[in-house]
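The listed protein sequences derive, respectively, from chains A and B. Residue numbers 1 to 380, in this note's numbering, belong to the letters of the first sequence in order. Residue numbers 1 to 398, in this note's numbering, belong to the letters of the second sequence in order.
In case anyone wonders, no lab produced these hints; they're calculated from the structure. A few of these clues could be false.
Some chain A residues flagged as far from chain B (calculated, every beta-carbon gap over 12 Å) [stated by the list, open to error]:
#: 1; residue: Arg-21
#: 2; residue: Glu-23
#: 3; residue: Glu-27
#: 4; residue: Gln-100
List time: in silico SDA-like cross-link candidates among lysine to any residue, alpha-carbon distance up to 20 Å [what the hints assert, rightly or not]:
#: 5; chain 1: A; residue 1: Lys-28; chain 2: B; residue 2: Gly-207
#: 6; chain 1: B; residue 1: Lys-232; chain 2: B; residue 2: Gln-182
#: 7; chain 1: B; residue 1: Lys-180; chain 2: A; residue 2: Phe-269
#: 8; chain 1: B; residue 1: Lys-141; chain 2: A; residue 2: Gln-268
#: 9; chain 1: B; residue 1: Lys-388; chain 2: A; residue 2: Gln-280
#: 10; chain 1: A; residue 1: Lys-267; chain 2: B; residue 2: Lys-180
#: 11; chain 1: A; residue 1: Lys-264; chain 2: B; residue 2: Asp-136
#: 12; chain 1: A; residue 1: Lys-188; chain 2: A; residue 2: Gln-149
#: 13; chain 1: B; residue 1: Lys-220; chain 2: B; residue 2: Glu-230
#: 14; chain 1: B; residue 1: Lys-220; chain 2: B; residue 2: Arg-143
#: 15; chain 1: A; residue 1: Lys-267; chain 2: B; residue 2: Asp-136
#: 16; chain 1: A; residue 1: Lys-267; chain 2: B; residue 2: Lys-141
#: 17; chain 1: B; residue 1: Lys-238; chain 2: A; residue 2: Gln-268
#: 18; chain 1: A; residue 1: Lys-144; chain 2: A; residue 2: Ser-218
#: 19; chain 1: A; residue 1: Lys-267; chain 2: B; residue 2: Ile-386
#: 20; chain 1: B; residue 1: Lys-141; chain 2: A; residue 2: Gln-265
The model shown is predicted, which means the values in this text are computed figures rather than measured ones. Glycine is no exception: its CB is placed at the ideal position from the N, C-alpha and C atoms.
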Amino acid sequence: MDFRLNEEQQMLQDTVARLVRGEYSFEKRLEFSETDAGFSVDFWKQLSELGLTAVPFSEELGGFGGGGVEVQSVMTELGRGLCLEPYLQSVILGGGLIGQAGNDSQKETWLGGIASGEVQAAVALQEPQSFYDLNNVETRAEKKDGGYQLNGRKAVVIGGHCADVILVSARTSGDVRDAGGISLFALKADTAGIERRVYPTIDGSKGCDLTLNNVQVSADALMGEEGKAAEVIEYQAGRAIAALCAEAVGVMEVANELTLDYLKQRKQFGVPIGKFQVLQHRMVDMMSELEQARSMATLAASVADEEQSGERRRVLAAAKNVIGRSGQFISEQGIQSHGGIGMTWEYNFAHYAKRLIMINHQLGDDDFHLERYASLLQAS
Amino acid sequence: MNMNYTTEELAFRDEVRAFLDEKLPADIAAKVKGFRHLSKEDHQRWQKILSAQGWYASHWPEEYGGVEWTPVQKHIWDEESCRYGVPRSVPFGVNMVAPVIIKFGNEEQKQTYLPRILSGEDWWCQGYSEPGAGSDLASLKTRAVRQGDHYLVNGQKTWTTLGQYANMIFCLVRTNTEVKAQAGISFLLIDMNTPGISVRPIITLDGEHEVNEVFFEDVKVPVENLVGEEDKGWTYAKFLLTYERTGLAGIGLSKAALSHLKALASRRIKNGRPLIEDTAFSQRIAKVEIDLMAATISNLRIIAAVEGGGMPGAESSMLKVKGTEIRQSINDLARRALGPYAIPFVEEELSQDYDGEFLSDENAAPLSAQYFNNRKLSIFGGSNEIQKNIVSKMILGL
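Could you put together the complete structure from these sequences and hints?
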């Protein structure tokens with residue numbers, strides 16, 4: 001057994017780390033967050049020029065066929081920088097869904113661009129009533145004029161305001177909560193009838209809700225088989241969960257480093273506050289939470305690209321549950337350890353805390369995944 | 001043992017309800033209940049109504065314009081006003097500096113400042129914490145040197161809540177560096193318009209401007225603005241902190257927030273049913289409601305114990321810890337109830353004038369920000385760690 005990265009994986013991680021350190025200072029991030037895109041177009045270009053947006057793609061697409069561990073290496077470093085770029089949405093989810101379900105023409109049209117960073121994808125899988133259940137789909141796609149007509153509303157589409165292609169789940173048959181009858185469509189962003197309500201997110205990024213009003217698409221916008229998208233969505237959401245866990249570990253690492261540093265620097269009652277036992281034990285707890293999270297992120301990465309199975313489902317649910325809990329613990333206890341300074345906009349800790357809490361609201365929080373894990377429990 | 005209100009207390013509660021039914025402006029109550037921000041004008045408008053009723057300075061002696069409510073009456077007011085959505089009084093004048101002036105100030109200070117607090121002419125803020133003096137407040141460094149008929153003040157205060165609105169600040173300053181830290185502190189009343197004072201906003205993690213830094217550069221403060229004796233300020237500061245601490249459990253606020261949470265969880269949908277019917281979520285709500293029930297009785301026990309007069313002791317520190325943990329749990333659940341909609345920050349919906357469609361829920365917009373903002377509850381007014389130190393020292397003798 002060996003938990004170390006191999007030479008190539010280590011090089012990959014170092015490359016991302018160097019880039020983030022050089023280009024993504026806290027002050028710059030605040031500026032990136034304020035732009036229309038909500039991220040740095042320039043940094044995105046640099047990622048792509050180094051081939052990093054192509055990591056999980058095949059060699060024909062300019063990638064190096066990276067799996068869960070390679071994605072983990074990239075995401076952890078992006079997490080350390082609180083990077084706002086759409087790696088998760090476009091590369092992991094967008095690229096993953098098209099790669100698995102897309103037809104030849106869709107792959108031809110989009111995949112190369114996603115891998116090279118020239119095309120940005122977003123995914124619209126949630127709805128106002130769906131909570132975290134991606135099988136809960138009310139949006140309808142009805143056959144019309146040789147294609148489909150889509151009507152409905154999609155919720156919290158991160159990056160959807162500036163994506164070139166949006167992958168939308170819509171129901172072609174079945175009831176609102178049925179797994180069967182969900183289909184996926186690749187919509188060009190400028191398709192008529194897509195209305196956006198754009199907003200900033202509380203963790204510094206941007207997203208939108210989409211209202212689809214009689215959106216007419218041709219039959220070749222359908223991805224994969226009609227009514228059979230639920231499995232694809234679940235599988236790719238699983239890869240995204242693993243990626244999010246890795247990002248969260250990067251965020252937690254920095255949160256803990258900042259807190260530890262503060263405990264050593266900040267003096268009250270004539271000593272560094274790190275001399276107080278109550279704060280020492282809390283810091284130890286924060287470190288233990290990070291280690292639990294790191295273990296689960298690693299386990300999640302190891303199954304991310306495996307064939308779907310009960311075991312894969314369990315591991316991913318468990319990982320997201322642990323990440324949600326440890327993220328909230330580190331966020332809250334880190335603020336408490338800092339005192340007032342941990343709550344200010346000007347100091348970076350608060351931004352790490354906000355990202356950790358919001359990761360819990362992406363692709364299911366710890367409650368959701370606890371319930372999911374319980375439903376998958378094995379009797380023995 | 002009798003856990004019921006007396007006939008007089010029930011009559012008082014009816015009087016409070018009748019007053020609030022009639023006089024509380026609906027727009028202000030809506031803002032409070034929707035966790036939206038109040039303007040300076042909102043606070044002042046409500047203060048005038050309350051002053052006209054004679055209830056603004058409810059705990060002051062009658063001779064200064066108070067009504068000297070009993071602890072139980074104060075509790076009834078707290079419960080009812082939170083339930084109705086009454087704005088919390090900005091405490092720095094009426095609840096903090098006023099009791100100090102009444103107890104330790106001279107006659108001239110009483111005649112000058114108390115009427116101006118009652119009328120709303122003065123807006124006070126608190127100059128206690130400094131960048132280097134937080135939990136260790138006694139290590140404060142802002143220096144006041146006596147020069148003839150004035151003190152020359154130099155230094156910096158921080159976390160000054162709503163200091164941007166204030167025209168007066170009460171400050172702990174160091175007047176003696178030769179003695180033990182606590183023994184060289186004085187309590188000064190300072191006009192914010194004095195030359196040499198500047199206020200700089202501190203923006204908090206939710207993007208709000210609530211707290212400030214206040215800088216003093218060669219600020220001349222007349223000696224008559226000293227409260228009590230020079231170098232005795234620490235005694236007055238501790239007296240004030242006991243007052244501050246008593247209200248910090250926020251039981252009434254938690255009750256209002258819980259009822260808000262239950263309404264929200266009844267509107268949010270999970271698996272096609274109201275979220276409040278979800279087993280796991282309803283149990284989370286149940287747990288915090290049970291904790292709040294216990295804290296409510298603990299609060300009443302403390303109130304009953306001081307009904308005959310006096311101030312609560314270190315028990316209020318225990319209640320501050322519990323009470324703030326409960327409020328934070330309620331904020332946590334409200335954020336969780338939004339699911340993916342906890343992520344958007346739709347600032348325009350925070351405005352009272354917003355008449356567009358709500359992205360997810362009419363009350364969703366402030367909830368994530370409020371969860372983050374209320375992490376302050378376990379930090380301010382003496383952090384929860386400091387409260388536990390007080391309990392272990394004062395009650396346990398450790």
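- Task: Would you pick out the hints that fail for this structure and give their numbers low to high?
- Result: none
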